[in-house]
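2 protein chains.
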Amino acid sequence: MKIRFFNGKILCMEPQMDIIQGELHTTDDTISYCGPSIKKINHETFDREIDLRGNLVMPGFKNAHTHSAMTFLRSYADDMPLNDWLHKQVFPMEAKLTAEDIYTLSKLGIAEYLTSGITANFDMYVDSEPIARAAMDTGFRTVIVSGLNNFVDSVENVAKNYETLNHFHPLISYQLGFHAEYTTKEEILKGVSELSHQYKAPVYTHISETRQEVTDCLNRTGKTPVAYLDSLGLFDYGGGGYHCVHFTYQDKDIFKEKNMSVITNPASNLKLASGIAPLCDYLRAGLNIAIGTDGPASNNCLDMFREMFLVTGLSKVKEEDAASFDATNVLKAATIGGAKAMGLPLCESLAVGQKADLFVLNLRKPNMQPENNIVKNIVYSGSKDNVLLTMVNGKILYENGEFFIGEDIGELYYKCNHIIKCMTS
Amino acid sequence: MKIRFFNGKILCMEPQMDIIQGELHTTDDTISYCGPSIKKINHETFDREIDLRGNLVMPGFKNAHTHSAMTFLRSYADDMPLNDWLHKQVFPMEAKLTAEDIYTLSKLGIAEYLTSGITANFDMYVDSEPIARAAMDTGFRTVIVSGLNNFVDSVENVAKNYETLNHFHPLISYQLGFHAEYTTKEEILKGVSELSHQYKAPVYTHISETRQEVTDCLNRTGKTPVAYLDSLGLFDYGGGGYHCVHFTYQDKDIFKEKNMSVITNPASNLKLASGIAPLCDYLRAGLNIAIGTDGPASNNCLDMFREMFLVTGLSKVKEEDAASFDATNVLKAATIGGAKAMGLPLCESLAVGQKADLFVLNLRKPNMQPENNIVKNIVYSGSKDNVLLTMVNGKILYENGEFFIGEDIGELYYKCNHIIKCMTS
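Quick mapping for you: the protein sequence lines, in order, are chains A and B. Add 21 to the 1-based position in the first sequence for this note's numbering, that's all there is to it. Add 21 to the 1-based position in the second sequence for this note's numbering, that's all there is to it.
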């Protein structure tokens, strides 16, 4: 399958941020050409040629932290204190989920990612198999990480999934991880650490999301969550932390020393009143920064445009400096930074040989005009409304508002509504 | 002209927030029916009948503070300190604008409002006539307020505009105002106060946007901006303050006593690193709260969905309470609160007799599913991508991505790009 995008602008992201006038070809799952317009295509035939009409192709966003299947709890329990939200609403409802529910609800999340130009997600949930199936059936790229804790999953199962899901399907990969320090006893943590050393693999977890979490860990272990988990050898092969809102200087140094990624979730941190992450400190320290939406129960939308504005806007107000965390750094975090954090080195940019994970952004909307600076327009003004087409692994999964994900979208909506209705009736 | 919206959901906003299954009719500029589905329309004929297919009609958002014509500076000067932004970029560029430029650039702003379900704006800029013309020619509702200061406009001209622009065209009204305390000398402020008493009219201004502004005013006058301006009698007939980020308790009490509206601009306050307004304090005090995007040079997009999420998200993180400023209060601020602040009592809700200012929101998008709670879905997950149709004063100005604003949108984009190119070349 060969597809040609022509007559448009291309933002390759690497090796430089320049926007070129040109065209891009995909051959099966890979980018086979990206450069100036080719006047005469030498006997080359394409299965499809797409006239961009001056619009922009750019690398897909990487949603570096989410719980896709939590779509069923979107707008189900908001505007309430965090503890009530988690213990009275989220946990009891999650206990009722079947694997088939998780499969269906994850597909709804994937459909929304596509509307926001997101081409890969880093998905943590209670059961990995239905997440993998949802990704394969829709054609979406997913990196899975276990929500392992005292009640969910086991070290043995994580090991089994690591070995099987990393050699299972081109769209699926699996990273070691666990839910969080405050939900996971030391015996399990040590088990994950052993796996990390055995596979020489990075480890991912929720970390320092709330001040309470840090205080409790200090009281329990005498260390911050970062220092405590590091002391168990969990970060010896790198990895990443979701949230990273309440770090000490020492925590930041550990992250730097162990080559860990900060995966920030600004909308969720606002909505659950967790705080504003000191992202400029991480940027100055040279840490890799990635962006995630977190799950739809705590955000509630899955929209990288909103997250990008929050990354820069919240950094500016926290630093009291309107020059903080500029648009270029934000866009890098949403694309390259995410790919690095997720272990997707072939999904970073639009260079030849990279995977064909991209989207077409409509510049012919009022919010993208005038075209003083397209990168700043995307970061400060971009919206789902600008996403014309999203391609994952060389296949178009979303175009002009229609989904090509192997299931009728209306049927999918019906099923998702049915799941929550059955649970609450 | 009679239009019928049927087979949908209706969020009237008043007298209650319930969503009804039903239909809505407009007759010329007014809502003539809003209620349950009518099985048999008795000999009633419509110029157009629109099948909502289950989607939602709701009152248009009111953008209660903006500078529409600043579209030309979108993404022109970002990621820089506030003072440099204002003095090195904004002011010198604005000095080059012609009335025709302001007319064209305001139309681009209006086009973007329509994509976000916004049906009226409260527009402050250096010249009122071209703003009024842009509103009339596109069919958009605009409340104009002068950017009067030491260098722009005059008290005499404000008086003239107040008398003419309030009886000029059904879509246009004019409120008394001035740019800000820190740009306007006392002689002018006293002149505005006299006009306010003469017309018994409210007064609007930027107020307490930055900490520096408050400190400078204290040093100069011994009073905060709110207390100082109030001491000149400027708030004796009410009005409103744009931004209201740095208020003392006394400032809040003055606003309450004088029946002033707080018009918050959260995205702009983040982007320019001004701070986070204590909106929950205002809510608890019973102040009327409205929401504005501010101008596209400081935001940069004109999107009420983003502002709504910021109102609740920033309130939650500021209060450290995830229950703060709930979705219902946010939606009220974006509609009724805006109408109250702007002096548009006939644009508050979808009741019979109110102006036909409304939009259709697409519920058949992943971000609006499942339908656990539509109001929360709108506030937490809504996007421009959900806006199917926007009607102002009974006329459809935006539908399925197309604009009906009296000028080809491509031509408008071209003109706006041309304006900034000529200025910078």
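Bear in mind the hints are in silico, worked out from the structure with no lab data behind them. Be careful, since some hints might not be right.
Same chains, same names: a pair is fine if it fits in one copy or spans any two.
Taking lysine to any residue and the SDA-like style, the derived pairs with C-alpha atoms no more than 25 Å apart in a straight line are [claimed, not checked]:
| # | residue 1 | residue 2 |
| --- | --- | --- |
| 1 | K442 | L239 |
| 2 | K211 | G415 |
| 3 | K23 | F67 |
| 4 | K109 | Y203 |
| 5 | K339 | L107 |
| 6 | K436 | G75 |
| 7 | K244 | P113 |
| 8 | K339 | L103 |
| 9 | K436 | C301 |
| 10 | K273 | N28 |
| 11 | K181 | G415 |
| 12 | K211 | Y434 |
| 13 | K442 | Y270 |
| 14 | K109 | R74 |
| 15 | K273 | S175 |
| 16 | K30 | G422 |
| 17 | K353 | E341 |
| 18 | K181 | I40 |
| 19 | K109 | A344 |
| 20 | K339 | Y270 |
| 21 | K60 | Q219 |
| 22 | K181 | K442 |
| 23 | K117 | N350 |
| 24 | K339 | T236 |
| 25 | K353 | L253 |
| 26 | K436 | I24 |
| 27 | K211 | G160 |
| 28 | K109 | K416 |
Quantities reported herein were computed from a predicted structural model and do not represent experimental measurements.
Results for each hint:
For the homomeric pair K442 and L239, neither the shortest alpha-carbon distance inside one copy (41 Å) nor that between copies (57 Å) is at most 25 Å. With identical chains, the CA atoms of K211 and G415 are never at most 25 Å apart, being 40 Å at best within one copy and 66 Å at best between copies. Proximity of K23 to F67 under the C-alpha cut-off of 25 Å is restricted to the intra-copy arrangement: shortest distance 5 Å within a copy versus 50 Å between copies. In this assembly of identical chains, the alpha carbons of K109 and Y203 lie at most 25 Å apart only when taken from the same copy (18 Å versus 50 Å across copies).
In this assembly of identical chains, K339 and L107 lie within 25 Å of each other by CA distance solely across copies; the values are 21 Å between and 27 Å within a copy. In this assembly of identical chains, K436 and G75 lie within 25 Å of each other by CA distance solely across copies; the values are 17 Å between and 38 Å within a copy. In this assembly of identical chains, the alpha carbons of K244 and P113 never lie at most 25 Å apart, being 31 Å within a copy and 54 Å across copies at closest. Taking the shortest Cα distances, K339 and L103 sit within 25 Å of each other both inside one copy (23 Å) and across copies (15 Å).
For a Cα distance limit of 25 Å, the shortest separation of K436 from C301 qualifies neither inside one copy, at 42 Å, nor across copies, at 38 Å. In the homo-oligomer, the alpha carbons of K273 and N28 never lie at most 25 Å apart, since the shortest distance is 45 Å inside one protomer and 55 Å across protomers. Taking CA atoms no more than 25 Å apart as the test, K181 paired with G415 passes in neither setting, with 29 Å inside one copy and 62 Å between copies. Taking the closest pair of Cα atoms, K211 and Y434 never come within 25 Å of each other, the shortest separation being 41 Å inside a single copy and 60 Å across copies.
Taking identical chains as interchangeable, the C-alpha atoms of K442 and Y270 are never at most 25 Å apart, the minima being 47 Å within one chain and 46 Å between chains. Proximity of K109 and R74 under a CA criterion of 25 Å is satisfied in neither setting, with 51 Å inside one chain copy and 35 Å between copies. Within a single copy, K273 and S175 get their C-alpha atoms no closer than 29 Å, and across copies no closer than 55 Å, so neither meets the 25 Å cut-off. For a Cα distance limit of 25 Å, the shortest separation of K30 from G422 qualifies both inside one copy, at 21 Å, and across copies, at 22 Å.
For the identical chains of this complex, K353 and E341 are intra-copy neighbours only, at 22 Å inside a copy versus 30 Å across copies, given an alpha-carbon limit of 25 Å. In this assembly of identical chains, the alpha carbons of K181 and I40 never lie at most 25 Å apart, being 44 Å within a copy and 49 Å across copies at closest. In this assembly of identical chains, K109 and A344 lie within 25 Å of each other by CA distance solely across copies; the values are 14 Å between and 42 Å within a copy. Proximity of K339 to Y270 under the C-alpha cut-off of 25 Å is found in both arrangements, the shortest distances being 17 Å within a copy and 23 Å between copies.
With identical chains, the CA atoms of K60 and Q219 are never at most 25 Å apart, being 53 Å at best within one copy and 70 Å at best between copies. In this homomeric assembly, K181 and K442 never come within 25 Å of each other (Cα to Cα): the closest approach is 34 Å inside a single copy and 60 Å across copies. Taking identical chains as interchangeable, the C-alpha atoms of K117 and N350 are never at most 25 Å apart, the minima being 41 Å within one chain and 32 Å between chains. Within a single copy, K339 and T236 get their C-alpha atoms as close as 22 Å, and across copies as close as 20 Å, so both meet the 25 Å cut-off.
Taking the shortest Cα distances, K353 and L253 never come within 25 Å of each other, neither inside one copy (32 Å) nor across copies (50 Å). When the C-alpha separation of K436 and I24 is checked against a cutoff of 25 Å, the pair qualifies neither within a copy, at 33 Å, nor between copies, at 34 Å. Taking the shortest alpha-carbon separations for K211 and G160, neither the intra-copy value of 35 Å nor the inter-copy value of 66 Å comes in at or below 25 Å. Taking the shortest Cα distances, K109 and K416 never come within 25 Å of each other, neither inside one copy (41 Å) nor across copies (47 Å).
Violated hints, listed in ascending order, are 1, 2, 7, 9, 10, 11, 12, 13, 14, 15, 18, 21, 22, 23, 25, 26, 27, 28; each of the other numbered hints is respected by the structure.
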